[in-house]
Amino acid sequence: MLNKNIYLILIISLVFAISFWIGFNVNLLPAEASINAPIYDELFKILFIIGLIIFIGMTIAVIYSLFKFRKRNDQIGDGIALEGNLSLEIVWTIIPSIIVLLIGLYSYNIYDRMGGMKELNHNHELMNSNPEKIWAGISQTSDNEIAINNLSIEVSAMQFAFLFNYPKGNFISGELHVPVDQKVSMRMESKDVIHAFWVPEFRIKQDIIPGQPTILNFTPTKVGKYPIICAELCGPYHGGMRASIIVEEESDYNEWFNKNKKTEVNL
Amino acid sequence: MTISIDSQKTNNESLQPKGWLRYFSFSLDHKVIGIQYLVCGFLFYLIGGTLASAIRIELASPMSDFMPRDVYNQVLTLHGTIMIFLWIVPVVNGAFGNYLIPFYVGARDMAFPRLNAVAFWLIPPSGLMLVASYFVEGAAQAGWTAYPPLSITTPQSGQIIWILSVLLLGGSSIFGGINFIATIIKLRRPGLKLMQLPMYCWAMLGTSILVVLSTPVLAGTLILLSFDIIAKTGFFNPVLGGNVVVYQHLFWFYSHPAVYIMVLPAFGLVSEILPVHARKPLFGYTTMVFSIMGIVVLGLVVWAHHMFTSGTPPWMRLFFTIATAFIAVPTGIKFFNWVATLWGGKISINSAMLFSCGFIINFVFGGITGVALAQVPFDIHVHDTYFVVAHFHYIVYGGTVFIIFSSIYHWFPKVTGKMLNEKLGILHFIITFIGFNLCFAPQHWLGLNGMPRRVAEYDPQFQFVNQISSIGALLMAISTIPFLINIFISMRNGQVSGDNPWNALTPEWLTSSPPPVENWEGEAPLVEEPYGYGKQFYEQN
Numbered sequence: 001m002l003n004k005n006i007y008l009i010l011i012i013s014l015v016f017a018i019s020f021w022i023g024f025n026v027n028l029l030p031a032e033a034s035i036n037a038p039i040y041d042e043l044f045k046i047l048f049i050i051g052l053i054i055f056i057g058m059t060i061a062v063i064y065s066l067f068k069f070r071k072r073n074d075q076i077g078d079g080i081a082l083e084g085n086l087s088l089e090i091v092w093t094i095i096p097s098i099i100v101l102l103i104g105l106y107s108y109n110i111y112d113r114m115g116g117m118k119e120l121n122h123n124h125e126l127m128n129s130n131p132e133k134i135w136a137g138i139s140q141t142s143d144n145e146i147a148i149n150n151l152s153i154e155v156s157a158m159q160f161a162f163l164f165n166y167p168k169g170n171f172i173s174g175e176l177h178v179p180v181d182q183k184v185s186m187r188m189e190s191k192d193v194i195h196a197f198w199v200p201e202f203r204i205k206q207d208i209i210p211g212q213p214t215i216l217n218f219t220p221t222k223v224g225k226y227p228i229i230c231a232e233l234c235g236p237y238h239g240g241m242r243a244s245i246i247v248e249e250e251s252d253y254n255e256w257f258n259k260n261k262k263t264e265v266n267l
Numbered sequence: 268m269t270i271s272i273d274s275q276k277t278n279n280e281s282l283q284p285k286g287w288l289r290y291f292s293f294s295l296d297h298k299v300i301g302i303q304y305l306v307c308g309f310l311f312y313l314i315g316g317t318l319a320s321a322i323r324i325e326l327a328s329p330m331s332d333f334m335p336r337d338v339y340n341q342v343l344t345l346h347g348t349i350m351i352f353l354w355i356v357p358v359v360n361g362a363f364g365n366y367l368i369p370f371y372v373g374a375r376d377m378a379f380p381r382l383n384a385v386a387f388w389l390i391p392p393s394g395l396m397l398v399a400s401y402f403v404e405g406a407a408q409a410g411w412t413a414y415p416p417l418s419i420t421t422p423q424s425g426q427i428i429w430i431l432s433v434l435l436l437g438g439s440s441i442f443g444g445i446n447f448i449a450t451i452i453k454l455r456r457p458g459l460k461l462m463q464l465p466m467y468c469w470a471m472l473g474t475s476i477l478v479v480l481s482t483p484v485l486a487g488t489l490i491l492l493s494f495d496i497i498a499k500t501g502f503f504n505p506v507l508g509g510n511v512v513v514y515q516h517l518f519w520f521y522s523h524p525a526v527y528i529m530v531l532p533a534f535g536l537v538s539e540i541l542p543v544h545a546r547k548p549l550f551g552y553t554t555m556v557f558s559i560m561g562i563v564v565l566g567l568v569v570w571a572h573h574m575f576t577s578g579t580p581p582w583m584r585l586f587f588t589i590a591t592a593f594i595a596v597p598t599g600i601k602f603f604n605w606v607a608t609l610w611g612g613k614i615s616i617n618s619a620m621l622f623s624c625g626f627i628i629n630f631v632f633g634g635i636t637g638v639a640l641a642q643v644p645f646d647i648h649v650h651d652t653y654f655v656v657a658h659f660h661y662i663v664y665g666g667t668v669f670i671i672f673s674s675i676y677h678w679f680p681k682v683t684g685k686m687l688n689e690k691l692g693i694l695h696f697i698i699t700f701i702g703f704n705l706c707f708a709p710q711h712w713l714g715l716n717g718m719p720r721r722v723a724e725y726d727p728q729f730q731f732v733n734q735i736s737s738i739g740a741l742l743m744a745i746s747t748i749p750f751l752i753n754i755f756i757s758m759r760n761g762q763v764s765g766d767n768p769w770n771a772l773t774p775e776w777l778t779s780s781p782p783p784v785e786n787w788e789g790e791a792p793l794v795e796e797p798y799g800y801g802k803q804f805y806e807q808n
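From first to last, the protein sequence lines stand for chains A and B. In this text, residue positions in the first sequence follow the working numbering: the first is 1, and each later residue adds one. In this text, residue positions in the second sequence follow the working numbering: the first is 268, and each later residue adds one.
A portion of the hints provided could be inaccurate.
[As the list claims (entries may be wrong)] Within a straight-line C-alpha distance of at most 27 Å, the following computed DSSO-like cross-link-like pairs (lysine-lysine) qualify: (1) A:Lys71 x B:Lys613; (2) A:Lys183 x A:Lys118; (3) A:Lys45 x A:Lys183; (4) A:Lys168 x A:Lys225; (5) A:Lys45 x A:Lys222; (6) A:Lys222 x A:Lys168; (7) B:Lys690 x A:Lys68; (8) B:Lys613 x A:Lys4; (9) A:Lys71 x B:Lys685; (10) B:Lys499 x A:Lys191; (11) B:Lys802 x A:Lys68; (12) A:Lys168 x A:Lys261; (13) A:Lys261 x A:Lys225; (14) B:Lys613 x B:Lys685; (15) A:Lys68 x B:Lys613; (16) B:Lys802 x A:Lys71; (17) B:Lys690 x A:Lys71.
[As the list claims (entries may be wrong)] Residues from chain A shown here face chain B by an in silico Cβ test under 10 Å; the list is partial: (18) Gly51; (19) Met58; (20) Trp92; (21) Leu101; (22) Asp207; (23) Gln212; (24) Val223; (25) Pro227.
Just so you know, these hints were derived from the structure itself, not from any lab. The C-beta atom is built at its ideal place from N, Cα and C for all residues, glycine as well.
Looking at chain A on its own, in the form it has when it is part of the complex (with noise of 0.2 Å):
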């Protein structure tokens, strides 16, 4: 008895050993290229290795099953007629539901320093005292952290392409180009029907919908040049709808915007 216990003791410390070491070694993720790259990647870290064990774990029970519990040649009959075992059905109700919950409570803590549970407002220095409705999005900014050089986008995609209106500068440009370690705003709207703004790098998505305004803001840490991908079926060109956004040092981003600013024109 003392003898089977030990070898469960090793087996589960070996499956423990194998997922953590998968876990910390294996990357599946992309480049981190905005804060809350880091902050997911540390979420999928702890999931994934929760995952492994999980799945390390009843995947050997299956197996070591088939294997030691086969009926051979010579056997005839049934199994024990065991029927149950109340203590050990709590035991695995009641792990599982701390677990469920322990990752729950994370993934708030993941989701609220992502900036999901601020109140959505975009601050777009144009928009009249009347504040706007705005249904859904990730908003890193509340009233009171308005940021003085916080970049203010508004994003229109249609059928199957994104524009990038800049209002300070008063210029529509079809790639993103935003400085390096700087509060972006966007406010987005679709001209037609559902697509979704996505960059795999910075970890961020959202569905940009018609009729109803959404917001995203992000901070962008690397500097670099990262795809934005429609993630939502808009129609035969879905896989061409495609962007780029451009991270680059202040004076380059500053080179590009004075070079595409439009000076007021009097209608």
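Given chain A, work out where chain B should sit, using these hints.
Leaving out everything else, chain B in the frame of chain A:
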């Protein structure tokens, strides 16, 4: 009264065709209807599988080069719709439910045999209509979710036929659901208690409750959508002041329970198969019953987790995270109980057992990614990507379809009186298991790294992994060959099975194989312990 029923019965019987022709008739026999569901479903599975192959061929290269882009969207829409509404739902509910439930409750037929036949005969025409819509003006191309405004703006005839077809299939599903509830509650043999029913009855009771509560919502939604398309109303059309997110709520109010409509019956079937081949009672019968009902209740309040990146406010995202994650608890209980059922048994390693164990492993994997997807911050990155595609194929293919095959190996001798060939069966399992995992496991990585779903073209950096996935799909296509050969050869020349080749204790095995028209020559047996393995053995010796 008895006399009139009897004379009516014999009258009906003389009108029913005999032999193979009865499968093409408006038969009222629940066993014939069950086989009709199964064969019809399998034919649509082959069509849906062909469409899946077309998708994997297109995705073997990053360019859109195999078919036109709008045809690609039609193919993926038809693939999803056919696999869900014409293969999995009718087969795990209609086919096995009709064949087994009357045996399990000790009845001679379903409660409403005519309604039952109507429910089946709605399926072939609506399925054919759906496939034929391709030749009208092109099939529907807004995905199986048919989100407006895309479904309003794409060519109309395809979308309208799609709505009609899904409405008919939903009607069929509701008729079936009412019939199962009535049969399980009211037609039980005197003396048979609810807590003595085989687990599949409980699974079908739970499933039918979900069907009856949620399918009408889908029907209503699709009727409103068709108004928007035909009559230019503005329920979901933002140009006319409609709200597109309302459609998503209504659609997922049905379509999330639909996941349980697809997997709960499979949970029931595997609960029948494992005890027989492991020679052990089903572990924890009572907790299994409660966990089914727990899944039914929770399954109704989790729909918005399909909309985490859509127009949902933060509090709603949070509520649906917690509710969804908690479904893992009753589901987990079932999986622990199945492993405990295997533990200490005398397991015959045959095709039915292997497919059931494959189901456990695949479904645990799909369940784990499901709990991860339930977390809002996790979902925000992978929503609408190949990660989700991989997740739900692990649930519906790795889970339910594996159980459909397991069930076919298990009940084939019941239906035909012949055994299936075990060598071909094990070959079928090996190719399916490897092909399936090769096809879908890499797709998790694709989704995490930036490949959205429903695309005909993609970033060339994903080509290699997509090709691995396509090779897996090819293996899955090949795996149907040994299966079909096995079915046809065994039907003609298979080894004669006898009435009860597995020495099973559930009631369907306590009559001849194949069973007579009214299931039992005499009175239906009272089976108080459908899982009394071990006990019976000691009593006999």
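Any of the earlier hints contradicted here, and which numbers?
-> Hint 24 contradicted; others consistent.
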